[in-house]
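Throw the hints in and build the complete structure from the sequences for me.
In case you want the letters, here they are:
2 protein chains.
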Amino acid sequence: MTIDKNYRDLVEKLTEISRLNGIMSTLSWDQEVMMPSGASEARARQISTLAGIIHERTTDPQLGTCLAAIQKEGFGSLNTLMACNIREAQRNFDLETKVPKRLAMEMAELSSSAHSVWIAARKENKFSSFSPVLKHFLELKKEWAQCVFPDLNPYDANIDNFERGTTMAEITPIFELLKKELIPFIRIIQESEHQPANSFLQGSFPIDKQEALARKISQDIGFEFNQGRMDVSVHPFCGGGHPTDVRITTRYDESNFIESLYAVIHETGHGLYEQGRMLQERDLPASESLTMGIHESQSLFWERMIGQSKFFCAHYFETIRTVFPQNLHGISADSFYQAINICKPDFIRVQADELTYPLHIILRYEIEKGLFDGSMNVDDLPEIWNEMMMQYLGIKPPTDTLGVLQDSHWSGGAFGYFPSYTLGAIYACQFYKTMQNELPDTEKNIEVGNFIPIKAWLNQKIHSQGRLYTPQELVQRITGEVLNPNHFISYLKKKYTAIYQLS
Amino acid sequence: MTIDKNYRDLVEKLTEISRLNGIMSTLSWDQEVMMPSGASEARARQISTLAGIIHERTTDPQLGTCLAAIQKEGFGSLNTLMACNIREAQRNFDLETKVPKRLAMEMAELSSSAHSVWIAARKENKFSSFSPVLKHFLELKKEWAQCVFPDLNPYDANIDNFERGTTMAEITPIFELLKKELIPFIRIIQESEHQPANSFLQGSFPIDKQEALARKISQDIGFEFNQGRMDVSVHPFCGGGHPTDVRITTRYDESNFIESLYAVIHETGHGLYEQGRMLQERDLPASESLTMGIHESQSLFWERMIGQSKFFCAHYFETIRTVFPQNLHGISADSFYQAINICKPDFIRVQADELTYPLHIILRYEIEKGLFDGSMNVDDLPEIWNEMMMQYLGIKPPTDTLGVLQDSHWSGGAFGYFPSYTLGAIYACQFYKTMQNELPDTEKNIEVGNFIPIKAWLNQKIHSQGRLYTPQELVQRITGEVLNPNHFISYLKKKYTAIYQLS
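In the order they appear, the protein sequences are chains D and E.
Following my numbering, the residues of the first sequence are numbered contiguously, the last one being 503.
Following my numbering, the residues of the second sequence are numbered contiguously, the last one being 503.
It cannot be assumed that every hint is accurate.
Because identical chains share one entry, a pair is satisfied inside a single copy or across any pair of copies.
[To be verified] Lysine-lysine pairs mimicking DSBU-like chemistry, simulated, CA-CA at most 35 Å apart:
(1) Lys101 with Lys5
(2) Lys495 with Lys126
(3) Lys493 with Lys135
(4) Lys142 with Lys495
(5) Lys216 with Lys461
(6) Lys135 with Lys98
(7) Lys98 with Lys461
(8) Lys310 with Lys455
(9) Lys101 with Lys13
(10) Lys495 with Lys101
(11) Lys216 with Lys126
(12) Lys433 with Lys142
(13) Lys455 with Lys179
(14) Lys216 with Lys444
(15) Lys5 with Lys98
(16) Lys101 with Lys179
(17) Lys13 with Lys98
(18) Lys455 with Lys135
(19) Lys72 with Lys344
Since the hints were derived computationally from the structure, they do not count as laboratory data.
Put into structure tokens, the structure is as follows:
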């Protein structure tokens, strides 16, 4: 039974890598949240040293030998969890070792220089300063795709990096359907005579009160503060070095408490996924979260399906009004619900509501697809962007900074990342619908603030499943069908028809 | 010139080790200050993994080969800084590699299990539960001494670990002199008819005000908050991962602001040492702080020589009274100065004042010496401890928890550490005296809150000198003489004769 020995060796190596990644994650959190500004140079060097060691471990030829020996023996005698660890280890090893050093270095260098080029181009509103970088990254990412997934279309390979197993063949029809349904629906909403008021959401909201409210709601939902923290950073995120050490952040704006509150609910959703990971073998890949899209399904589940629902507003409105009595005097839970759900086309993706958000994503997806298949040129992007914005949302960005230059993703070469946001929203909706069927008291539970059964359901169905299944298998197992955007479309139409009093 | 190549290789290896140590230090800070309690197990494993990698790097045979090649070539052509890096690297390599793996593991295991044994023994006030651990550690540390410094007496080898180059031959006469002078002096003070009042230091001092005051004073003194932080932890300490990322902590007690304030001043002293390290090659050992005793000289310099002086009290008293007006109404700067300098024998070392503190140290030094030379037995320690406490401070601890079991040091095998505290106090006083000669306006400067020349003097004379000299060379270069306890004794006698109105 040399398989046992080989598997034990593998586990030892994977465990070491996982712990080093946990350390890296804690360092990154510290950098965003705690580190004094003067330390940035030294920290960058420390992180680079640690990254070098992690790279050394993940590409260790002995790891390759060990994997090859296990594969050769076959692993019929191993259980599902072991098989999953081996499969994940092999995938990660291939991803790390199939890229020639020259290419890896070129990508790393470009990634580090491109960010400041992008910042400068945004500042000067000058796309032509950024376009050479974008072209360069595109070439590198095509080459990367050829190295790691030679059998895939290059853009599919890049998508696979974030949303494994998902390809354009699956995404394109879904996005086409969303366009067909949402574009005219958003137009109707804009023309509705009933437009919810939201001026009462503007005012002065002391930050300490915002913080206490957000912390209470995060805890109510189920975030375990003895295995996590909540702090402040420039951009909200969920980090931390281990499922027992999950760290969410938000940012506060004295004039707007909705943004920080819903950022906390969103990040709590990510945090619950991490805290809810399977209890055994947490230092091994089988226990890790599945994909970007599934992670986003968890944050959006709590932010949108729960947090932006009328049941949630009904439960928390009195609490919120007590915290900010001057601002919300005379307002009802229902008008609060309507106000936080206003749909309004905007130039900026990260400020978009749940109806217009998918169109921001689809626009980016179609551009990435066009860049990879050669049907679009980088130099034409500003014009293409603005035309698509007109077509999809009826607005035209006055500057490229508010248009094609707004996102940081391309400056890091993260092509194929955007679709995960909307796939996550669709997953979230489909999961929610199944949960409602299995737990018919869900809405009542939300209305009385009992989130325990909801968290338990997500824990059991998703969080604790780790990487045992592909996203496609997981959604099939949980909901009994493949990813189905019709649930998402029905949900949006029903919700917004009511809010905008459409007939 | 293969020396160049070898030296470059050495620098690369040392730099990597330094960065990994910086990461370890940030993780330790996080553990004490930020980490949620539920993460302790996972963090311990991450730290153990990183420690393993640091051990792998520090004992790397290639590092040994590289050092041997440099030593063989001789390094006449290298500058002082380079020579220092080589010397330090050789010492560290020897320290790491001369210990057999079996012994290193036995020490690590004992260290990790002994701490909880000590906690339990303290709780039960039962020295006999702790004594087997102490005996075991003593044997291991004697063996360790034989391995790493076979030419030194075993206790001297343990002292050298913290205070290199300092031996019993130097310490014993100094401590004898301190005993001869301080024991009768403390008795006279206790019998003085004038005993300063300090009841006004008790009361209710809001923690946010304590924090703001401490932060202001730390900044006034010269702590750079863009290259450091100040937070809260159970025990105050100075940590952080780099000279540009120095993190001090304190703890707050609503009923006592003096303790937290002077802890901050003390840790700021440590912090200024780290922030003041030489500007070049900060990832190499030549730039590192010299010894425990020299580090302590810097914290005590600010806490005692500056912070507890009447000039400092004169400058800050109005500020402090403004922060806590109810408590300090009708009190003068001079009575504040006297109150914070009350001398009172106490069972507990960490609560001791500057006059009685050395006797706590001398007691521990004499016990360690006795244990190493065999003139004392572990089993007799409670009795020996209590007898010495009577003899030196005139008080007898009612329990071993308040006596021989009070410190954590022995549970970690840190024999030879205690002397550094009092050597630090003597260094601090000797440095202060020289500074006063070189900067005759020092007292006036303190009185007007101008700490810039003081910090600059310490930066130039001590902080930026790194490890270029031994502590013995450094004190000689700065003060023109060897370590001389007479300055310390004169200072204490003059100060306390005035406070206690002795004739």
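Cross-check of the supplied hints:
no., hint, result
1, Lys101 with Lys5, "both (31 Å within a copy, 24 Å between copies)"
2, Lys495 with Lys126, "neither (40 Å within a copy, 69 Å between copies)"
3, Lys493 with Lys135, "neither (39 Å within a copy, 76 Å between copies)"
4, Lys142 with Lys495, "neither (41 Å within a copy, 76 Å between copies)"
5, Lys216 with Lys461, "within (26 Å within a copy, 52 Å between copies)"
6, Lys135 with Lys98, "within (23 Å within a copy, 55 Å between copies)"
7, Lys98 with Lys461, "within (34 Å within a copy, 54 Å between copies)"
8, Lys310 with Lys455, "within (19 Å within a copy, 61 Å between copies)"
9, Lys101 with Lys13, "both (22 Å within a copy, 22 Å between copies)"
10, Lys495 with Lys101, "neither (51 Å within a copy, 67 Å between copies)"
11, Lys216 with Lys126, "neither (44 Å within a copy, 44 Å between copies)"
12, Lys433 with Lys142, "neither (38 Å within a copy, 69 Å between copies)"
13, Lys455 with Lys179, "within (32 Å within a copy, 66 Å between copies)"
14, Lys216 with Lys444, "within (20 Å within a copy, 52 Å between copies)"
15, Lys5 with Lys98, "both (26 Å within a copy, 32 Å between copies)"
16, Lys101 with Lys179, "neither (41 Å within a copy, 66 Å between copies)"
17, Lys13 with Lys98, "both (19 Å within a copy, 28 Å between copies)"
18, Lys455 with Lys135, "neither (44 Å within a copy, 52 Å between copies)"
19, Lys72 with Lys344, "neither (57 Å within a copy, 75 Å between copies)"
Of the numbered hints given earlier, the model fails hints 2, 3, 4, 10, 11, 12, 16, 18 and 19; all others are met.
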